[in-house]
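Here the structure of chain A is known, so what remains is to put chain B in place on it, guided by the hints.
If you want the building blocks of each chain, they are given just below.
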Amino acid sequence: MTATAAVSEPARIGGGTSLRRSRRWALVTSYFFLILFAIFFLIPPYYMIVTSLKTDAEVAHLATNPWIIANGVTLEQYRLLFRETDFLIYFKNTVIVTLCVVAITMVVSVLAAFSLSRMRFWGSGMLATGIFLTYLIPDTLLFIPLFQIVRGLGLLNSYWSMVLVYPTLTVPFCTWIMIGYFQSIPKELDEAALIDGAGYTQILLKIFIPVALPGIIAAMIFAFTVSWAAFVYPIAFLFSADQQVLTVGTVTSLIKADVYKWGMLMAGALVAAAPPLLIYAFLMDYYIAGLTAGATKG
Amino acid sequence: MADVALRDVVKRFDRDHAVRGISLNIPDKEFVVLVGPSGCGKTTTLRMIAGLEEATAGDILIGGEVVNDVPPKDRDIAMVFQNYALYPHMTVFENMSFGLRLRRIAKAEIRSRVEQAAKILDISDLLDRRPKQLSGGQRQRVAMGRAIVRNPKVFLFDEPLSNLDAKLRVQMRTEIKRVHQQVKTTTIYVTHDQVEAMTLADRVVVMNGGRIEQVGRPQELYHRPKTRFVAGFIGSPAMNFLSCRLERNGEGLLLRLGEGLVLPVPPTHTARYQPSAGKALIFGLRPEHMTEPRGEGRDPRCEFTVTLDVVEPMGMETMVFFTVNGTEVCARVEPDAASAPGQPMRLCANLNHMHLIDPATELVL
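As you go down the protein sequences, you meet chains A and B in turn. Heads up: take any position in the first sequence, counting from 1, add 180, and you land on this note's numbering. Heads up: take any position in the second sequence, counting from 1, add 62, and you land on this note's numbering.
Here chain A stands alone, though its shape is the one from the complex:
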């Protein structure tokens, strides 16, 4: 018998495996709820996919199980959507509007956030709060006065009016996000750059934008989502099919009075959801990666 074995085990408080057991419980509970949520949120997309791959006859047939495809998979709904409707025009319009809105939003909000977070001037704090407050006015209220403005500018029934009005939603929020990001950049970084010989423009372009890239991407994702999914403004300001965007266009062209083209609606919704999905998938890692680590101590 060895010397160590001769020493009796000290009494453990609360049982030897309590820590391991509680960790296992935490894991089990986490998995349970995560799976529950995943199922809950994946049911609608699943239903959409299944419905979009059925024939109109099967969708309309009340006796079949809506959760499975009984009469064979068909891409007919997608073919009809692209050939027989103006879906591709809506898609093109939406892409143009979204790209312009994201570009305008980023330019305006990055510049605004930089000046509000770094150039201390009289009323800068109040302005920052003011910008955020404008975001709190819902678009359902704002579209009435905006209608007058859009009509005054002669942009009624033109998707360019969307390029003008969406930034009223995106700029305040993105500016707010960017102010937070820029404020988290240590002040010494711009002071070091100032001493190194950089002007404010160079500090913004060479230090702030690269360092705050995760924040800028977060703001871009937000601007993209808002602009891609907006509904109130296009339904209020756009009437003709050639100017319409995806959200309103899909609904108005595929629901005729009480006739719902369920198959095509689901196909259209899925195609419309694809770009945001791809963007989230590719930019998420970038968004999460903390570039600021190592800027200063720690």
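Do not rely on the hints blindly, as some may be mistaken.
Stated by the list, open to error - Reference excerpt, derived from the structure (chain B facing chain A, CB under 7 Å, subset only): (1) 114; (2) 134; (3) 141; (4) 143; (5) 147; (6) 150; (7) 151; (8) 153; (9) 155; (10) 163; (11) 169; (12) 297; (13) 370.
Claimed, not checked - In silico negatives: residues of chain B with every beta carbon more than 10 Å from chain A: (14) 82; (15) 140; (16) 145; (17) 235; (18) 237; (19) 239; (20) 280; (21) 309; (22) 360; (23) 377; (24) 385; (25) 422.
Since the hints were made in silico from the structure, they are not lab data. Glycine included, every Cβ here is placed at the ideal spot set by N, Cα and C.
Then chain B, alone, in the frame of chain A:
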């Protein structure tokens, strides 16, 4: 390279005075350390020299020219920050060359200057890394490298070592001194650590409450402090202060410290202290000048017995603490001379190093 001068420089933040009118001349190539407790205005002074803060009043001169209205980039200075302030998205090479690239210096020239600075700082292997891949000491070297490559007129250091652990701090301290001996650029260094100040500086500027208390060489500040603040701030452990009464004793003078503790003022000091005889004063003596009785020619009149409260062995020496008239006093004795806490110990004061301070003016007599 250039000299730096401050003339009655004042800095106010709203109504608070951070710097209350300081004047200072720093000759070319000198290493000056601004030292003082937090809030004494040392960092504000440095930032005004850098151009990161505007002086409320007074003139700041670099190389003989008033630079009050010159932006930081045109002052030809380089600064090392407490938290390094490295650009996180750039490699070490890009960090060090950033200032040179902004000044549109030829690529070959940039490369040779960066490589030379990297060699001085021993970071040649790290040029392709990013700041987050570096240790604290390496980051600090890169921050210094960024300053060196610019070959500026003045180096400014803002507490550059306070984020490092104790061992690394000592290493980097030596490194900074070595670099200064090599490049010989005028350097202004801010710290709250008096050991750093003493070891690095050609001259130390002790600041307190927005004013300069004393400027002098490290040894001068240690041996001949002008104010109670400097006497207490320089030296570790700090100087002991005891209230006392200076009394005449025939031709000589006596210090009455109460509780029957009476010490004779050395004859060499009598003339200086004669005018203050009869006054209540503050007696100052450093722990290293209060030891166990040792050596020859010792004066038994300077010896006294105390009861120890705390004993702190440091290895090469031992600190002993005791109270005199309710004031804690520290003495520095040989390791084997110290007795245990609660035990009496015989100590001897070397009064050749004593200071007397006027409690009203806080000035050393």
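A quick look at each hint next to the structure:
| no. | hint | verdict |
| --- | --- | --- |
| 1 | 114 | 5 Å, holds |
| 2 | 134 | 5 Å, holds |
| 3 | 141 | 5 Å, holds |
| 4 | 143 | 4 Å, holds |
| 5 | 147 | 4 Å, holds |
| 6 | 150 | 4 Å, holds |
| 7 | 151 | 4 Å, holds |
| 8 | 153 | 12 Å, violated |
| 9 | 155 | 14 Å, violated |
| 10 | 163 | 9 Å, violated |
| 11 | 169 | 17 Å, violated |
| 12 | 297 | 29 Å, violated |
| 13 | 370 | 40 Å, violated |
| 14 | 82 | 24 Å, holds |
| 15 | 140 | 7 Å, violated |
| 16 | 145 | 4 Å, violated |
| 17 | 235 | 18 Å, holds |
| 18 | 237 | 18 Å, holds |
| 19 | 239 | 23 Å, holds |
| 20 | 280 | 29 Å, holds |
| 21 | 309 | 55 Å, holds |
| 22 | 360 | 51 Å, holds |
| 23 | 377 | 31 Å, holds |
| 24 | 385 | 41 Å, holds |
| 25 | 422 | 43 Å, holds |
Violated hints, in rising order: 8, 9, 10, 11, 12, 13, 15 and 16; the structure is consistent with all others.
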